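Based on these hints, arrange chain B on the given structure of chain A.
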Amino acid sequence: MVVFEKPKALADVPLHYCPGCTHGIIHRLVAEVIDELGIEGKTIGVAPVGCSVMAYDYFNCDMVEAAHGRAPAVATGLKRSDPENHIVFTYQGDGDLASLGMAETVHSAARNENITVIFVNNAIYGMTGGQMAPTSLPGQVTQTSPYGRDTNACGFPIKVCEMLSQLDGPEYLERVSVNNVKNIKAAKKAIKKAFENQINGKGFSLVEVVSTCPTNWGLTPVKALEWLEENMLPYYPLGVYKDRSAQKEGE
Amino acid sequence: MAKVSFRTDFCKGCGLCVEACPTKILILAKDKINKKGHHPVEMTDQEKCIGCAFCATMCPDCIITVER
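Line by line, the protein sequences give chains A and B.
For the numbering used here, count along the first sequence from 1 and bump the result up by 517.
For the numbering used here, count along the second sequence from 1 and bump the result up by 182.
This is chain B alone, in the form it adopts within the complex:
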């Protein structure tokens, strides 16, 4: 199963990964604020992740690691 981890404190909440995800399981967590003061990205359903790494490819801040 694919495993995706985020370095949440580096996230700037730009949402490019949310847009790129083909299974639409990423959201910007509106109830959380990280060290930088942004709403960081969050995964809603790990089971549905196919490990395509599209999110990580689009991420300008390189906060995503994908394992398969």
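Just chain A, with the same shape it has in the complex:
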């Protein structure tokens, strides 16, 4: 009996990501969820700009490429054009979602657009060569903060889940990680719930995945996972930040 194999919604091509980059794990989780829900034929993904810009080559469902940060706006159009038959997800990094696309993110959440957003937070701009991102930690050394992020000059990192949870709009916000097997299983559960919310017409679901960038952090893949656990998880605590349906049931 096969207990683990490549999901069918993931194309059979080598990924261009650096060795040990957790984008591959997150791609696989999304593909597994698409397989399990049996929605490959009606799913449309929206790829971002950033390392995952070529995500359209890796998923077997239909994909659209959006301008930098505008994935939620494109997803809104796709979803509204045929709400019954389209399952729309966006796959975005932190530079895309939290910097250039902040307006689109906040407003699609405020409108409670019925889309699923997968947000990969690795605290750095990966594709452009490791510049400081809106989510880079205080004191974190990057190409544009060689002495560490100075919060007096550059401000503080943006905690997207906490920020969006202040809005009345969004249905479901959860932060997960992929640094070990247990967290990967929890991440898959969260991604599945985000897709199910859309199928059930509940509204905007965002799953933030705390992720690594071994190349631009200057660490080996194994050390990068340790760095994530020691530095990122205390600043970005995992958990459910908003689940409106669960709140209603509890009342």
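Not one of these hints is a red herring.
Short derived list, chain B residues pointing at chain A, Cβ under 10 angstroms: (1) R189; (2) C241; (3) C244; (4) E249.
Since the hints were derived computationally from the structure, they do not count as laboratory data.
Just so it is clear, the structure is predicted and the values come from calculations on it, not from any experiment.
Ideal Cβ placement from N, Cα and C applies to all residues, glycine included.
Structure of chain B alone, referenced to chain A:
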């Protein structure tokens, strides 16, 4: 018995599976180089494999298939 197969030419030698294996039977083969120019993962002792699929769960490139 558990059976694990690797698509060695897709391996990037990141070592996340080696770290995740609870029975410590995976290594990066220092004497081999795959098509991509990496030292690919290799299993040292198939008998000891418990088929937990932790290696496959951690693998970012989805090169591992686990049967039980």
